[in-house]
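Chain order of the listed sequences is A and B. Going by the numbering used here, 222 is the number at position 222 of the first sequence; the sequence numbering is gapless. Going by the numbering used here, 258 is the number at position 258 of the second sequence; the sequence numbering is gapless.
Careful: at least some of the hints might be erroneous.
[Unchecked claim] In the SDA-like style, the derived pairs of lysine to any residue whose C-alpha atoms are separated by at most 25 Å in a straight line are:
(1) B:Lys162 / A:Glu95
(2) A:Lys105 / B:Asn175
(3) B:Lys187 / A:Lys194
(4) B:Lys188 / A:Asn64
(5) A:Lys54 / A:Arg75
(6) B:Lys88 / A:Tyr11
(7) B:Lys162 / A:Glu26
(8) B:Lys89 / A:Ala86
(9) A:Lys107 / B:Ser161
(10) B:Lys164 / A:Val109
(11) B:Lys88 / A:Lys107
(12) B:Lys188 / B:Ser53
(13) A:Lys194 / A:Glu23
(14) A:Lys153 / A:Glu26
(15) A:Lys3 / A:Glu228
(16) A:Lys105 / B:Lys89
(17) A:Lys105 / B:Lys164
(18) B:Lys164 / A:Asn124
(19) B:Lys187 / B:Leu156
(20) A:Lys107 / B:Gly166
These are calculated hints, taken from the structure and not from any lab test.
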Amino acid sequence: MLKLTNIETYYGQIQALKGIDLEVNEGKIITLLGANGAGKSTTMKTIAGLLKPKKGTVEFLGENVTGLRPDQLLRKGIALVPEGRAILSTMTVIENLEMGAYHRKDKDVKDEIEHVMQRFPILNERQSQMAGTLSGGQQQMLAIARALLSKPKLLLLDEPSMGLAPLIVAEIFNIIKEIKEAGTTVLLVEQNAKQALKIADYGYVMETGKIIIEGKASDLLEDPRIVEAYLGRKSTSDDKIPS
Amino acid sequence: MLLEQLVNGITLGSIYAIVALGFTLVFGVLGIINMAHGEIFMVGAFVGVMTTSVLGWPLWLAFIASIVVTGILGYLLERITLRPLRGKKGVSHLAPLISTIGVSILLENLSHHIFGAGNQPFRSSFAEISIEIGSITIYLVQIVIFAISILLMIGLTIWLSKTKAGKALRATAENLETASILGVDTKKIITLTVIIASAMGGIAGILVGMAFNSVSPQMGLSMGLKGLAIIILGGMGNVKGAMAGGLILGLSETFLVAFGDSGYRDAIAFIMIIFILLLRPQGIFGSKIAEGR
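Next comes chain A alone, as it looks inside the complex:
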């Protein structure tokens, strides 16, 4: 469905991605793991069109989409929930949801917003409140719900569990599973490697702008290199300190 070939992305003179090859198959959850600064978010931004790669190609559904703008990619079916959620804090919850369906012209939008608010009762309750007044977990749910309203074929989630309480994190992961079951492919970037690998089908591990390990999620959970670096009982990379 999505195929990255030898992607190189720069921030000015600094090379953040050093030749990424990555593939996402339809109907799966693919996870992208790695430490801070490994280039996970840069990869996501490159796929979503926020950054333009210097080299390499991005193919989506067999079409070369390298260098397209984010709004064009959204119309093709790629939606990004960026790190830090990026809700529109000066607009109301319902306006945020409406903005999610911005590019759609069909009549179902209203019904679907209703439907989404039934799935997330808290959003329904707060629909006319400014989105900036929501708590972190509520904002994350709003950001995911908003992205889903664009009816994406591929949903890019950049660290959805960041800074959230464990109970909320569990709910977010449940939601991600639901999204997959509803037929949307998910590419998930996570610090929470264990949880991510549990729900994912396939995983990639990045280090300093390169992919160093890839494999089936169930294999990665057993892989000694990963257990040591990301799942190790001694290390604390698993339970991130809420910011």
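Could you slot chain B onto chain A? The hints should help.
Same frame as chain A, but now just chain B:
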């Protein structure tokens, strides 16, 4: 006397408000002060003078001509002087601001060259019509100006809060990147914003011509600075603030001239800036949290 001055003040304030709305829209979306806005306003006034006095067009046609001309100017401003600087490596955050200053100098001198330095009378039989209620004389023009500005403000508020394009504009104003991942073509929205803001400047230009019966190439600068004062007063990028700020400035200037010293008329705006920056730097309607632009 008091009522008459009140009407005068509201008239002037409404015009200020329209000018400030143009400023505030562009600031909201681009995060820069459009220093060329005053000069675009001046061009709008000249288009009004030329079409009514020289070509003898009716007033409504003059309005359309002014909107079209200033709208095109807005498009060119964005396309030629702002867009090439956006998102480029090594371009300072202040570059677009300098660019608009350049445009303002160009427009002022161009109209100086074409129309001469002096004041051009705005002759319109319409401006002479007045109504007398008791001892008060109200000009029809004043009512029209007030009505037009109220319509513009209501229209803009509804457009921003209810329509898809308006919401897209607000989303773009809050965060360009977020708007773009939601499917908003931000280039289009920015262009649209600059065009609308400029056309509002053009409308204000004609209204000033009608209200004060004269236009000159220098009128843009003082109006531009007052517009700036108003959005500082009302809160940068805030539509409500622009309206309230415009009316406050218009009324206080008028009352100062009527009951105080007319020599200080233009100083009011700047005294206000000093006080507002000392007491409430975010403006009357501004939010406390600075957006990290």
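Structure-based check of all given hints:
1. B:Lys162 / A:Glu95: holds, 10 Å
2. A:Lys105 / B:Asn175: Between lysine 105 of chain A and asparagine 175 of chain B the Cα gap is close to 23 Å, so the pair holds against 25 Å.
3. B:Lys187 / A:Lys194: violated, 41 Å
4. B:Lys188 / A:Asn64: holds, 24 Å
5. A:Lys54 / A:Arg75: holds, 23 Å
6. B:Lys88 / A:Tyr11: holds, 12 Å
7. B:Lys162 / A:Glu26: Not satisfied, since the Cα-Cα distance of roughly 37 Å exceeds 25 Å.
8. B:Lys89 / A:Ala86: holds, 24 Å
9. A:Lys107 / B:Ser161: holds, 20 Å
10. B:Lys164 / A:Val109: holds, 13 Å
11. B:Lys88 / A:Lys107: With a Cα-Cα distance of about 39 Å, the restraint between lysine 88 of chain B and lysine 107 of chain A is violated, given a limit of 25 Å.
12. B:Lys188 / B:Ser53: violated, 36 Å
13. A:Lys194 / A:Glu23: holds, 21 Å
14. A:Lys153 / A:Glu26: holds, 8 Å
15. A:Lys3 / A:Glu228: violated, 29 Å
16. A:Lys105 / B:Lys89: The given pair, whose Cα atoms are some 36 Å apart, is violated under the 25 Å limit.
17. A:Lys105 / B:Lys164: Holds, at about 11 Å.
18. B:Lys164 / A:Asn124: This hinted pair holds, its Cα atoms lying about 21 Å apart.
19. B:Lys187 / B:Leu156: holds, 20 Å
20. A:Lys107 / B:Gly166: holds, 20 Å
Hint compliance for this structure: hints 3, 7, 11, 12, 15, 16 are not met, and every other hint is.
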